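Whole structure, please, built from the sequences with the hints as guidance.
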Amino acid sequence: MSRIQGGLIDRSRKLSFTFNGKPYQGCAGDTLASALLANGVQLIGRSFKYHRPRGVFSAGSEEPNALVELSGGARQEPNTRATGIELYDGLQANSQNHIGSLSHDLLALNDLFSPFFAAGFYYKTFMWPRAFWEKLYEPAIRRAAGLGALSMLPDPDSYDRGYLHPDLLVIGGGAAGLMAALTAGRAGAQVVLADEDFMLGGRLLAEDTAIADLPGAAWAKEVTTELQSLPNVRLMTRTTVFGAYDHGIYGAVERVSDHIADPGASVRQTLWRITAKRTILATGATERHIPFENNDRPGIMLSGAMRAYANRWAVTPQAKAGDPIAIFTNNDDGHRTALALAAKGVALHGVIDTRAGAKSLGDYETFAGATITGSKGRKGLKSIRIAQAGRSEWIDCGALGVAGGWNPNVHLASHHRGRPVWDADKLTFVPDADSLPGLHIAGAAAGQGTTAEALADGARAAMAALSEIGLSAAPADIPRAGEEPTGIEAFWHVPGKGRAWVDFQNDVTVKDIKLAHQENMRPVEHLKRWTTLGMATDQGKTANVTALAVMAELTGKTIPETGTTIFRPPYTPVSLGVLGGGDSGANFRPHRLTPTHAWAESQGAVFVEVGQWMRAQWFPQPDEIHWRESVDREAKAVRDAVGVCDVTTLGKIDVQGPDAAEFLNRIYANMMGTVKPGKVRYGLMLREDGHAYDDGTCACLAEGHYVVTTTTANAGLVYQRMEFARQCLWPDLDVTLISTTDAWAQLAVAGPKSRELLSRIVDDFDMSNDAFPFMSCSELTVCGGLRARLFRISFSGELAYEIAVPARYGNALMERLIEVGQDLGVTPYGTEALGVLRIEKGHAAGNELNGQTTANMLGMQRMVSLKKDSIGAVMSRREGLIGDKRRLVGFVPVDATQPVVAGSHLITQGDPVDMEHDQGWITSACYSPHLGSAIGLGYLENGDQRFDEEVIAANPLEGVSVRLRVVSPHFIDPEGERLRD
Amino acid sequence: MTELKPITALGAVAPRVLETVRYSLRENDGVAFASLVLPADRPAPAVFGIDLPEPGKYAQGDAGKSAFWTARHQWMIEGASLAETDFAAALKAELPEGRVSEQTDGWITFDIFGTKPEAITALLERIVNLPAATLDPGCATRTSFEHMSAYFVRRSDTHLSVIGMRTLAGSLWHALETVIRRLDVDG
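From first to last, the protein sequence lines are chains X and Y. So in this note's numbering, the last one in the first sequence is 2141, and the numbering has no gaps at all. So in this note's numbering, the last one in the second sequence is 245, and the numbering has no gaps at all.
Because the hints were derived from the structure by calculation, they are not lab data. The model shown is predicted, which means the values in this text are computed figures rather than measured ones. All clues given are correct.
Label pairs and their calculated CB-CB ranges:
1) X/G1876 to Y/T78: 27 to 37 Å
2) X/E1628 to Y/A151: 47 to 57 Å
3) X/A1481 to Y/H205: 49 to 59 Å
4) Y/A151 to X/R2037: 44 to 54 Å
5) X/D1170 to Y/R200: 46 to 56 Å
6) Y/T78 to X/G1280: 54 to 64 Å
7) Y/R200 to X/P1837: 26 to 36 Å
With a Cα cut of at most 35 Å, we get these calculated DSBU-like pairs of lysine-lysine:
8) X/K1836 to X/K2028
9) X/K1542 to X/K1657
10) Y/K115 to X/K1437
11) Y/K150 to X/K1836
Facing chain Y, a subset of chain X residues (Cβ under 7 Å, in silico):
12) V1427
13) H1751
14) R1752
15) L1753
16) G1944
17) P1966
18) A1967
19) Y1969
Heads up, the beta-carbon is just placed ideally off N, CA and C, and yes, glycines get one too.
Given below as structure tokens:
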């Protein structure tokens, strides 16, 4: 154990957890990393490429090394940073990326062959022999890649989403963020303060700097208490703002129950979309290190992290308590760690400072002008080699803190491609203040890194942000903070022959950067791709700037000339579960149910998804084994007797107003304004470019009152298009549109006995052909006074009607029709039979209206009226379209036992089967129980002049060609007598 | 009166009800709806005692009648417990110059009652991507929720109506129930 005095942990609340199956204990307030360190565990993982032993390197979300698989079973989560995992009772964690035990990883052999795994090796190897790629190389690479493993089990957790619209979003709850939230909160602004930690305070929790005569952590607690008391302030801990998006929108993930062993019914995480009027970025800074030979051993960590472990978690990182610690630095901040450790009585070797004139700030030894040139310790640091004044010396060392300066966390400010700016005095990139509209940057994130600077800057940023949105805040009373030294001199890496790691997670060394330079991969984006620098879960937070400095040194350019790579969301990894949010499985997306759905279910209907709709596809009878039996029976029932089908899904648009007729004339290609009350007309709509768009009917219920029907697929689109035309193209027309698709249950009643069936339910309505001929419509009542609409239209080619009643009665109407029509042989039919019937009749549907179809191809060229203008009419007459000679025709196989396959390409007999000789294609096909063979519809060059010709339907995907005879697309009743009967 | 028996939007004889610690979620199948469009060139008259509301607003009238704004010169008129009547015809009789479209079974109302106003606020944060003031009491708006378009009507500080497409009733109920149960657990 290496617990020391103090800290912000609750020593009275012991928490049990396991790592690699071994039980340990930590305290409430620990992270998994601090608890492991407190138990003397230094070796936590293996590096990606060389499988080098690795330990905790940082104390935050920038952690490159201490990645674990958290939890087990279906909740196993790979690549989780131990430094960000809040310890809870029952936590299970396992190390990852090794074969065999963590201590004896067989893949550590890779380290011996490291010369073969230099930067870009995978671009140069695995080239030969070619055949090895699929069978050997790729499986082996996939096996090695990815660090941790998924359980491959369904995610048992639930995820939520939410939306917030504060005046001010403050990202980061450190000194600057707290001060900003306090300033804005006291001013009455709606404030959201989000921080990824489970406690507010940021670096104040890790430092011993006093604020207003209080320890920094105590001041943070006081401010937190005040903020909690303000009803206009919302504090969101365990919440990472991971991305800045357009229009002031920020994405955030709140880890609601990740810190609970069994979340029960609680959601695991919530995805928040935060639309803020103004935002303050107070995300602090991340420390960088100084690469030296073998600088990746467990026990070597960032100096600021070491200070945080000591001050906040009361732990030091040696394997054995009492082993001395050293600090390697190029700046004063390293000395602050030495001071903090010395104050807690930790044994110190001293501070190795690269600066020639460095002096101790307290009672410890300083090696001025010195560097560390090597380390030893296979699974944990044992010793370091100090070089000073031309001499070098190995000394025993249990842990080493490395301080190379601090990099402001500019990421979110750069998510819109804003480039940070180099600050030569502070030796760091700071964000461009104008990088993102509405964003103010404060504190260490803006390069204002001392506590005093951060407090003042947070208050300033809040006042500036509020003034921009018309709110005023009283000048903040900024508390006094203790002095903090900030001196720094540039020192980017210790030159040497051995490997010095820059990016720990991806095993990128100074040598790799040199190789990239040698191979001319010098621009930063090339450097990144060639070496994998800055990739994976940590995105190079501790490595990138150092790498740029090394490349700058090699090219002779300055660091700002070398530049940075593009920053993109997410700031830290976000689970796909929370991004997906909501439901999976049956409720993954909404489903629309037809009014007769309950009845269809009770009849054992087989349903099919049609867009959002669930439609009955067919109604199997007990003795039917194959779906075709059901569909054939249903289709024959319509041809021979009467069938009923729910067609509510067709779009219905109510059109009213004195200019409704003119509006419809402009929408439809054919003349629609002349349809009289009580009549229905078939209509064709064209797209602006002249191609066919949608078809349907238009019923005139009364003067100036119409109901337009659309195809199911285009219901929403046609309505949207009509609204666009109404509002934007012709606002001068006095016309009103509203959808009534859901309001009315609509049933198709089709077949020679449909009139007889309907006559049994209508109230005093003359159903005779004379009184209610084909293409009539009427409002009436049915079943004892229920208001209804009746349309005499036919999709099947039979005598047919569609009857509409208020949707709540649709189910009962279906029951009633089936009940009263038993002696007529009434049969419910589904979409499959509906398709058979319309193909037999030669009616075009979605398959035929594929976006490249012209009215000519459909044989409807005469419908495009020359007496008026309408959307697409002029364009439909352009040369390219008018010259299209493909026509919709029918096809039957020459050998009636052969199938017709939709999608087959049509070739003239004797011609080669290739695209040069393509004559068209089959659009729809089915088995016709009426004809006793397969049939098809399709477009064929000059098809309307080729009846009885035999063509080849080529299906190269399946290697099949079938001879088809070209016939009329109207397989039944080509004269249309039945539907007019 | 027809001899046919209607079913609710959720496919049952009786409306569905869910009672939780903080919420009551009720399928309200009794609301009649009719869309009303009035001429643009004259002031909107009162109808059923309702002063037709401004954009984004909801207003109550006589005997359970109410209205919310849906578009320019257009309102949705509601009639509590009048779903079985020809509400559109009644509205047309009231305002012959109006263009009326029957909408009763185009929609289903899910009434949500919170034990406290904060419960409704918490719910709105989960289901509506709009600033809270957009749905203060007396406000109504149309927006999407779980990929479904719906009207949201804040009838009081503890009463929110979510009015969705009738054919989507099952999915809408599921989504609301899920959020409500989660809020009961996570607050």
